[in-house]
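Number of protein chains: 2
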Amino acid sequence: MNALNVAEYMQTLGLQARQASAAMARADAATRNKALRTLAALLRANAASLQTDNEKDLARAATSSLSAPMVDRLKLTPKIIETVAQGCEQLAAMPDIIGEISGLQQQPSGIRVGRMRVPLGVFGMIYESRPNVTIEAASLSIKSGNACILRGGSEAIDSNKALGRLVQQALAESGLPAEAVQLVQTTDREAVGQLIAMPQHVDVIIPRGGKGLIERISRDAKVPVIKHLDGNCHVYVDDPCDIDMAVRVADNAKTQKYSPCNAIEGLLVARASAQAFLPKIAAVFAAKGVEMRCDAEAKALISPIAPALVKDATEQDWFEEYLAPVISIKLVAGLDEAIAHINHYSSHHTDAIITRDHMHAQRFLREVDSASVMVNASPRFADGFEFGLGAEIGISTDKFHARGPVGLEGLTSLKWVVLGNGELRS
Amino acid sequence: MNALNVAEYMQTLGLQARQASAAMARADAATRNKALRTLAALLRANAASLQTDNEKDLARAATSSLSAPMVDRLKLTPKIIETVAQGCEQLAAMPDIIGEISGLQQQPSGIRVGRMRVPLGVFGMIYESRPNVTIEAASLSIKSGNACILRGGSEAIDSNKALGRLVQQALAESGLPAEAVQLVQTTDREAVGQLIAMPQHVDVIIPRGGKGLIERISRDAKVPVIKHLDGNCHVYVDDPCDIDMAVRVADNAKTQKYSPCNAIEGLLVARASAQAFLPKIAAVFAAKGVEMRCDAEAKALISPIAPALVKDATEQDWFEEYLAPVISIKLVAGLDEAIAHINHYSSHHTDAIITRDHMHAQRFLREVDSASVMVNASPRFADGFEFGLGAEIGISTDKFHARGPVGLEGLTSLKWVVLGNGELRS
Numbered sequence: 001m002n003a004l005n006v007a008e009y010m011q012t013l014g015l016q017a018r019q020a021s022a023a024m025a026r027a028d029a030a031t032r033n034k035a036l037r038t039l040a041a042l043l044r045a046n047a048a049s050l051q052t053d054n055e056k057d058l059a060r061a062a063t064s065s066l067s068a069p070m071v072d073r074l075k076l077t078p079k080i081i082e083t084v085a086q087g088c089e090q091l092a093a094m095p096d097i098i099g100e101i102s103g104l105q106q107q108p109s110g111i112r113v114g115r116m117r118v119p120l121g122v123f124g125m126i127y128e129s130r131p132n133v134t135i136e137a138a139s140l141s142i143k144s145g146n147a148c149i150l151r152g153g154s155e156a157i158d159s160n161k162a163l164g165r166l167v168q169q170a171l172a173e174s175g176l177p178a179e180a181v182q183l184v185q186t187t188d189r190e191a192v193g194q195l196i197a198m199p200q201h202v203d204v205i206i207p208r209g210g211k212g213l214i215e216r217i218s219r220d221a222k223v224p225v226i227k228h229l230d231g232n233c234h235v236y237v238d239d240p241c242d243i244d245m246a247v248r249v250a251d252n253a254k255t256q257k258y259s260p261c262n263a264i265e266g267l268l269v270a271r272a273s274a275q276a277f278l279p280k281i282a283a284v285f286a287a288k289g290v291e292m293r294c295d296a297e298a299k300a301l302i303s304p305i306a307p308a309l310v311k312d313a314t315e316q317d318w319f320e321e322y323l324a325p326v327i328s329i330k331l332v333a334g335l336d337e338a339i340a341h342i343n344h345y346s347s348h349h350t351d352a353i354i355t356r357d358h359m360h361a362q363r364f365l366r367e368v369d370s371a372s373v374m375v376n377a378s379p380r381f382a383d384g385f386e387f388g389l390g391a392e393i394g395i396s397t398d399k400f401h402a403r404g405p406v407g408l409e410g411l412t413s414l415k416w417v418v419l420g421n422g423e424l425r426s
Numbered sequence: 001m002n003a004l005n006v007a008e009y010m011q012t013l014g015l016q017a018r019q020a021s022a023a024m025a026r027a028d029a030a031t032r033n034k035a036l037r038t039l040a041a042l043l044r045a046n047a048a049s050l051q052t053d054n055e056k057d058l059a060r061a062a063t064s065s066l067s068a069p070m071v072d073r074l075k076l077t078p079k080i081i082e083t084v085a086q087g088c089e090q091l092a093a094m095p096d097i098i099g100e101i102s103g104l105q106q107q108p109s110g111i112r113v114g115r116m117r118v119p120l121g122v123f124g125m126i127y128e129s130r131p132n133v134t135i136e137a138a139s140l141s142i143k144s145g146n147a148c149i150l151r152g153g154s155e156a157i158d159s160n161k162a163l164g165r166l167v168q169q170a171l172a173e174s175g176l177p178a179e180a181v182q183l184v185q186t187t188d189r190e191a192v193g194q195l196i197a198m199p200q201h202v203d204v205i206i207p208r209g210g211k212g213l214i215e216r217i218s219r220d221a222k223v224p225v226i227k228h229l230d231g232n233c234h235v236y237v238d239d240p241c242d243i244d245m246a247v248r249v250a251d252n253a254k255t256q257k258y259s260p261c262n263a264i265e266g267l268l269v270a271r272a273s274a275q276a277f278l279p280k281i282a283a284v285f286a287a288k289g290v291e292m293r294c295d296a297e298a299k300a301l302i303s304p305i306a307p308a309l310v311k312d313a314t315e316q317d318w319f320e321e322y323l324a325p326v327i328s329i330k331l332v333a334g335l336d337e338a339i340a341h342i343n344h345y346s347s348h349h350t351d352a353i354i355t356r357d358h359m360h361a362q363r364f365l366r367e368v369d370s371a372s373v374m375v376n377a378s379p380r381f382a383d384g385f386e387f388g389l390g391a392e393i394g395i396s397t398d399k400f401h402a403r404g405p406v407g408l409e410g411l412t413s414l415k416w417v418v419l420g421n422g423e424l425r426s
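Chain order of the listed sequences is E and C. Heads up, the first sequence is in full-length UniProt numbering, so the first residue is 1 and it goes up one at a time. Heads up, the second sequence is in full-length UniProt numbering, so the first residue is 1 and it goes up one at a time.
Worth flagging that the hints you see were computed from the coordinates, not collected in a lab. On a predicted model such as this, the values are computed, not experimentally measured, just so you know. Ideal Cβ positions, reconstructed from N, Cα and C, are used throughout, including at glycine. There could be a bad hint or two in this list.
Unchecked claim - Rough simulated footprint, nothing fancy, chain C against chain E, three-plus residues with beta-carbon under 8 Å:
#1 206 to 216
#2 401 to 408
Unchecked claim - Cut-off 16 Å, straight-line C-alpha distance, at most; resulting in silico cross-link-like pairs (EDC-like, lysine to aspartate or glutamate):
#3 C:K311 <-> C:E291
#4 C:K288 <-> C:D251
#5 C:K75 <-> C:D158
#6 E:K280 <-> E:D244
#7 C:K280 <-> C:D251
#8 C:K222 <-> E:E320
#9 C:K75 <-> C:E55
#10 C:K222 <-> E:D244
#11 E:K211 <-> E:E367
#12 C:K161 <-> C:E128
#13 E:K222 <-> C:E291
#14 E:K222 <-> C:E215
To be verified - Derived list of chain C stretches under chain E, where covered just means 3 residues or more per stretch with a C-beta under 8 Å from a C-beta of chain E:
#15 47 to 59
#16 103 to 116
#17 240 to 252
#18 316 to 323
#19 378 to 387
#20 404 to 416
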């Protein structure tokens, strides 16, 4: 396709999505759930042929410059296929939130006013690598009564096309328009530029990928973007606190996995807890090879334990999202300094306090301006499944509309409904 | 000020607002309510001097090209001052929503997860003419725990400065930072360009004004915009319906006032109700001098009643927001055609059905994709006060974040709170 053809093609997808979205918004819960269960069955029945298509992507990847972890994420193993099939069934079993009317109250004029939860309409999703995201996005779209246009990475195009065909088959077999979930069939980059700039057809864009991609999309999009920038998360070890709990949580938050956005990058320690806490956590980190970038006071306490892994932190370290076995460590006077540091340096993703002080816990929850704030729990819990949303389309670092893990609710809007008996405005 | 100075000045306002917003988010409800009551008292105590400052704006307006209705909107009469003072007191008496935690539920991991309502942070508001909007915006900002930067029109600059001083006095006397509400002191247009492009200091922009202004701001803003574009609202007269109710509601919706965004611009009539309804409403409209732009069928029924006021509608008429004694009228086969017409031509603001059919009412509520959908009530009710919000900062025609009348809730965000006992992610 040339650029002109891509533009025309994307306009066609957009128009079809807009038309399909009306049918999806109208469809009852039973029909949408049937499509999800049909999709699960189709995924299982076609597991072998999905793997054949996935082989094409893997073969291309083998001769490309793709890193080993990226190639790994490309794989559609039988286990992954079973997991996404189960995910569809779990979504089908969840309560339906579309059409629900809340807060219906009579007003002095006599009218009754409430709010109805409705789909957003059409969302466009831009993502990379893992083909199972195609099914996660498609199934959330079906459950939430939206239509969507999915643009996966070129490295997964054959797997995604195969998955997209099964989704459309499931929709059609359930009496829903196949165009309710459309996979962009071209890997031309121009398609992304078109997708994010057609407000008449697409209501919101959800990008998943590196910070550069998301910043570029946010800058150029002509519609709202549910965006997830970086995850510079913190644990603050307060005074007083259960020191052993602090060690366990800080360890889990940093080392259980290094790559997730909700792993911590910074550790703040109340000066009065430092002597008891730092040598213990330093021993844990040292055993796992975690580099510690410290301010002078923390360095003095940690150096005797792990001299080889201690470095001086620079100002830039407080901002950094390492996603690696590296952590910044700083001593603070107490709660006020911890909150000020987090609100200044963190990416407003997820931050936790370890404390025994009730007032400190309350203030931390109220005053830390992050999407998820935690008391005595590991920031690694910031996740749609762990929060009980059933599924997530992403994690938002915005304050607007959806914040933190985004599930079905984030893909909906509330419209006002007014029930009257001929009342007039005076 | 030159452009460079304006940029520096706005950066200073932004930084001060950001700092003040932390104190406002921390402030308890009693303190914020005290500021609102103090402001009400100050407004009353300074009614005379406010009018003196208002005279300066009115004197300038008298020698300018401002239209008579615009000049009228500029006036700060004793009655208007009393009304805004009462508005502050009413807000102070309303329940506080900041800090409220909802849906706290234990998850399988043991953590308890809920959502806390928190201020958005800093909003920037851009508006014209009516100086009482300064107090409405300031008081909503105080109640919702935000900080704000207000940019009124140059025609009201003296009145706005005087009101801004009273707001800052009320804040300071209540122990809150005066910078929580800042009025832009320069009328330089560059200030708007700066205000909408400092995401580090301003979280959201709320423009109030003409469609051109709002489109320009939405296009150039680097932060989200709560926007209100046009109000092309409809009444659909169904079959079966109470014809007399339909006449009363259509009359109220069109003629009670012509200028509000929630006045209707289009009337759709089910063919089976047309013979009974159209002559009656045509007589009402004719008596009030309302021009009727009709399709051929409607024209045939109305011409005998009001020959002088009937015109042929063009395709453009179905899109038009007249804000004047003009209405478009079209016959439709029934509910399906009415919904399709509204979803295609309306501005997704407010649309109503007049019906006796329960299934039709349900389908209209569900399928019409507008911010407010009504059954047997006048679209003129689409208003924060009539909906029970206590106050409104505007009406949003967006689907994202806030939709329809925007009150305190639209100025807040929900963050996730997690309460644990040392739980780890496995």
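So, going through the hints one by one against the coordinates:
Given as covered by chain C, the segment 206 to 216 of chain E fails the check, having 0 residues with a CB less than 8 Å from a CB of that chain where 3 are the minimum. Residues of the segment 401 to 408 of chain E with a Cβ under 8 Å from some Cβ of chain C number 4, which satisfies the need for three, so the listed coverage holds. Proximity of K311 (chain C) to E291 (chain C) is assessed by CA-CA distance (about 8 Å); at most 16 Å being required, the pair is judged to hold. Pair hint K288 (chain C) plus D251 (chain C) holds up; C-alpha atoms about 10 Å apart against a cutoff of 16 Å.
Proposed proximity of K75 (chain C) and D158 (chain C) is supported: the alpha carbons are some 12 Å apart, at most 16 Å. With a C-alpha separation of about 9 Å, the suggested pair K280 (chain E) and D244 (chain E) falls inside the 16 Å cut-off, and the hint holds. For the given pair, K280 (chain C) sits about 10 Å from D251 (chain C) by alpha-carbon distance, which is consistent with the 16 Å threshold. For a cut-off of 16 Å, the pair hint linking K222 (chain C) to E320 (chain E) is broken: about 24 Å separates their Cα positions.
Of the supplied pair hints, the one linking K75 (chain C) and E55 (chain C) holds, its CA atoms being roughly 8 Å apart against a limit of 16 Å. Distance restraint check for K222 (chain C) and D244 (chain E): the Cα-Cα separation of roughly 45 Å exceeds the 16 Å cut-off, and the hinted pair is therefore not satisfied. Straight-line distance between C-alpha atoms of K211 (chain E) and E367 (chain E) comes to about 26 Å, which puts the hinted pair past the 16 Å bound. For the proposed pair K161 (chain C) and E128 (chain C), the alpha carbon gap of about 14 Å is at most 16 Å, so the pair holds.
Restraint check: the Cα-Cα separation between K222 (chain E) and E291 (chain C) comes to about 37 Å, which exceeds 16 Å; the hinted pair is violated. For the suggested pair K222 (chain E) and E215 (chain C), the alpha carbons sit about 12 Å apart, so the restraint of at most 16 Å is met. Given as covered by chain E, the segment 47 to 59 of chain C fails the check, having 0 residues with a CB less than 8 Å from a CB of that chain where 3 are the minimum. Chain E is given as covering the segment 103 to 116 of chain C, and this holds because 6 residues of the stretch bring a CB closer than 8 Å to a CB of that chain, at least three being needed.
Coverage of the segment 240 to 252 of chain C by chain E holds [criterion: at least 3 residues with CB-CB distance below 8 Å; count 5]. Against chain E, the segment 316 to 323 of chain C contributes 0 residues with a C-beta closer than 8 Å to a partner C-beta. That does not satisfy the three-residue criterion, and the hint is violated. With 6 residues bearing a CB less than 8 Å from a CB of chain E, the segment 378 to 387 of chain C meets the requirement of three and the coverage assertion stands. As drawn, the segment 404 to 416 of chain C meets chain E at 6 residues by the rule of a beta-carbon pair under 8 Å; at three or more, the given contact holds.
Of the numbered hints stated above, those contradicted by the structure are hints 1, 8, 10, 11, 13, 15, 18, listed in ascending order.
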